[in-house]
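Chemist: First to last, the protein sequences are chains G and C. Going by this note's numbering, the first sequence opens with residue 15, and the numbers climb by one from there. Going by this note's numbering, the second sequence opens with residue 25, and the numbers climb by one from there.
Worth flagging that the hints you see were computed from the coordinates, not collected in a lab. Any given hint could be a false lead.
Derived BS3-like pairs (lysine-lysine); straight-line CA-CA distance at most 27 Å [to be verified]:
| id | chain 1 | residue 1 | chain 2 | residue 2 |
| --- | --- | --- | --- | --- |
| 1 | C | K271 | G | K411 |
| 2 | C | K128 | C | K154 |
| 3 | C | K271 | G | K56 |
| 4 | G | K202 | G | K56 |
| 5 | G | K202 | C | K120 |
| 6 | G | K223 | G | K107 |
| 7 | G | K202 | C | K271 |
Here is how the chains run, residue by residue.
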Amino acid sequence: MGIKKNSLLAAAGLSAALLTTGQSLNFYEEALPTSMNPLYAKSMVDTRVNELVFDRLYFHSPINNSLVSRLVDQWQMSEGGRAMQLTLKSGVKWHDGTPFTAADVCFTIDAMLDEGTPSPIAAKQREVFAGCEVKEENIALVRFTKIFHNPRNRLGFYVMPSHSFEGNTAISPDHEFSNRPMGTGPLKGNRGRRGVSFNAVPNAHHQAKVPQMSLQEGADPLVQVRTLQNNGVQGIITVPPPYRADVSASDELSLKSYDLRSWWFVAVNTNKKHLSDKRVRQALNSIVDRTELRKLSIGVEEGEQNSPCEFISGPFVQTSPYYNRAVEVQETADLDSALSLLQAGGMRKVGGTWHYRGEPVNLKIGIKASLDVEAPDLLSQVSNQLGAAGFQRQQHKISTDEWNRMVVTGQAEDYDLIIGKWSFGLVEDVNPLFHTRTGGRGGLNIFNYSSTAVDTLLAQFDGARTDTQAQDAYHELHEVLADDLPYLFLWKLDTKSAWQTSVRGNMISAYYYWTDFDSWKYIQ
Amino acid sequence: MERWWIRPVVRLVLAVALPFLVPLLIAGMIWAMPGDPASNVCPDCSGEGMLQMIQDRNLDQGPLHFYTEWMSSMVSGDFGRSWSFQSGEEVSYLLKSGVGFTLKLFLLGALLILAGAFLTARGWIPRWLKSGIRLVGLLPGLVLSLAAIAVYTVYINPSAMETTWTQVAMGALILAIADAALSGTIDGVDEVIETEGRRRYVQIAILRGEGTLMNILPNTLPGLVGQVRARMLSLLSAAIIIEMILKINGVGELLVVGALKQDFPLVMACTFFYVVISSMMLLLQAVLEIGVALFIRKSPKGVG
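Kindly produce the complete structure, drawing on both the sequences and the hints.
Modeler: Written out as structure tokens, the structure is:
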């Protein structure tokens with residue numbers, strides 16, 4: 015009996031080992047991509063997947079931060095700075111072997127300009143591009159709507175193949191390309207039920223050393239970490255702070271910094287009558303004890319060195335050139351100040367509960383559900399602090415779908431407060447977050463906040479011809495927002511990935527993650 | 025019972041009508057949901073492209089138009105494209121990829137239960153085993169599924185993208201034994217045999233040296249078939265939950281995910297699949313009832 019049992023266990027172990035090893039490099043993502051068509055990317059997962067499958071015309075090198083291109087050989091300005099002539103590199107091919115040409119660059123721009131493409135990303139690009147002309151097979155002339163001080167920075171879009179759409183520039187999200195895209199990137203991706211499988215496609219400008227990869231949706235972070243420790247997967251894109259010690263303790267695993275420039279906030283619905291007065295929002299800002307929140311939800315003690323969590327006072331991370339250091343951070347609660355601000359804002363405390371115009375104030379608070387993994391119980395802790403200050407409240411977790419469908423589109427107006435996180439690349443363009451929703455602007459304005467002063471500053475940033483002008487506009491914006499508080503700004507939380515040490519050369523690029531994927535190796 | 029044919033005919037009519045009625049109901053529900061379905065499908069889209077997309081998705085002329093367009097495309101095997109679950113993928117492809125797993129799971133589970141019923145009828149299941157099955161049957165399928173997926177993920181196949189036979193076999197076993205599915209069947213069969221076996225005609229048949237089962241069957245078959253149909257339908261429902269938890273790439277999981285993501289072409293197609301199965305069972309029951317009445321009892325008036 016004992017021998018039989020041992021044989022069965024050995025067989026099971028062998029089967030498990032055979033099943034868990036192979037050529038493929040497997041990793042856990044935060045979720046599955048919503049669409050693999052770059053024009054319909056909605057989440058960071060979508061952006062990261064696009065970086066594997068497609069090439070951007072220009073990108074910042076993860077090594078020296080210089081603006082470089084894998085597709086463009088030469089460029090020169092023309093038409094007085096309103097156009098740029100691009101000479102493309104030769105030998106670049108799409109995943110099906112079709113040569114990459116200037117027609118593809120112009121097709122992508124035309125698709126973005128086509129009103130028949132109902133993409134919010136394309137709508138934004140219509141403010142940048144005026145058109146594109148194929149001069150020769152490898153030469154394209156890109157026209158801008160105005161003179162930009164950094165025109166090549168504007169060419170950071172993913173190029174799509176004309177032949178996949180048979181030249182039809184009105185691109186629908188329902189096109190099969192959204193599920194089986196074709197790019198010039200290092201890997202060809204194929205979305206399945208449970209994940210995305212990638213296969214390397216050698217190209218003149220890409221030589222991926224990892225032949226196969228698979229992306230899977232990570233569930234519970236503890237299960238993710240245990241599976242990584244068992245070598246069931248080789249990487250996790252984001253490891254929440256509470257699990258980082260576990261990863262660090264293993265010799266087989268390494269934690270890698272992922273510069274996502276992301277910051278957390280509590281968006282305040284300024285259109286609700288009881289929150290429309292700035293003083294009430296300032297009072298809420300004083301009630302929120304960030305130090306306590308950070309301790310209870312992320313586990314960072316006060317004064318801890320090398321904290322993964324850094325407080326912010328405005329819509330930028332502290333390392334950003336746009337961060338205004340003159341604006342002070344509210345680290346702890348100031349309940350006395352909150353009390354006087356609430357009274358000045360028309361609130362009255364009756365029986366320990368704040369009332370506005372005779373009605374008790376009941377705050378509906380939501381959090382993007384996926385954030386609850388990174389900062390467990392943050393929703394409850396914020397709610398507790400507001401409850402202790404005398405507010406009634408309801409708590410809700412918002413699914414990723416609901417977030418994409420309702421929150422970022424400004425349709426979650428029944429909420430009073432929403433806890434969320436925004437992530438940025440090197441260009442921290444916060445215009446879509448705070449601009450009045452009009453004419454395609456303010457596309458990510460959660461509660462349809464509107465302020466003339468803010469809109470003016472955002473227009474100043476848009477029209478800036480130099481970096482200094484752009485910085486000045488955003489420094490002032492930081493100050494105005496910290497006073498008007500459409501958001502209660504919380505913190506920047508470091509993002510860390512975990513990879514098996516058998517994965518070498520894995521340089522993680524800021525925001526896009528996989529920009530330098532060609533250097534990645536998986537040694538089994 | 026002069027009108028013995030009423031029940032089978034009602035079943036036949038329902039079997040034919042359900043595949044038409046249920047999609048209509050779903051189309052109505054899409055419009056009954058809060059907000060405008062056209063803007064719900066892509067809230068951040070705008071312009072001409074948005075209008076074209078609404079037209080392409082048949083959301084521009086109300087639920088009846090949506091329903092008729094969907095039905096006419098469906099007849100030619102075109103279930104449309106997924107809106108949000110796997111944007112751009114053909115729903116027929118997704119459905120095809122899921123049908124096999126759902127049927128395997130369901131049929132394996134059903135086979136286990138039918139085998140249990142047969143063995144009980146023959147008296148081949150010992151009492152201790154029945155007690156054991158009853159004990160395990162007390163556990164909810166949800167709990168067993170969670171335990172199974174934990175074991176599967178940690179020890180067997182942590183990075184599975186495709187569904188394996190192991191997952192299906194685990195699911196079928198849970199489907200059969202959890203929530204008293206098998207033990208309920210065994211007890212039910214025991215009870216029918218015991219009750220019917222006490223009847224005079226069976227006692228006489230036994231004295232004549234005939235078998236009990238063959239004598240009770242003609243009288244109990246229509247009722248038993250009805251019970252089996254109800255049991256199979258509850259198995260199908262339970263299979264949806266098991267597919268979700270055990271990560272089996274079946275139609276049930278597609279249905280749930282499609283509903284969560286408001287992917288209505290997917291929801292319509294998956295629901296249609298379940299409705300067709302349900303209709304087929306109704307049809308089978310009706311045919312059996314008629315068959316028993318006309319050919320086995322040879323006296324339709326006696327059939328209730």
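Chemist: Does each hint fit the structure? Answer for all of them.
Modeler: Checked hints:
| no. | hint | verdict |
| --- | --- | --- |
| 1 | K271/C - K411/G | 23 Å, holds |
| 2 | K128/C - K154/C | 26 Å, holds |
| 3 | K271/C - K56/G | 25 Å, holds |
| 4 | K202/G - K56/G | 20 Å, holds |
| 5 | K202/G - K120/C | 24 Å, holds |
| 6 | K223/G - K107/G | 18 Å, holds |
| 7 | K202/G - K271/C | 25 Å, holds |
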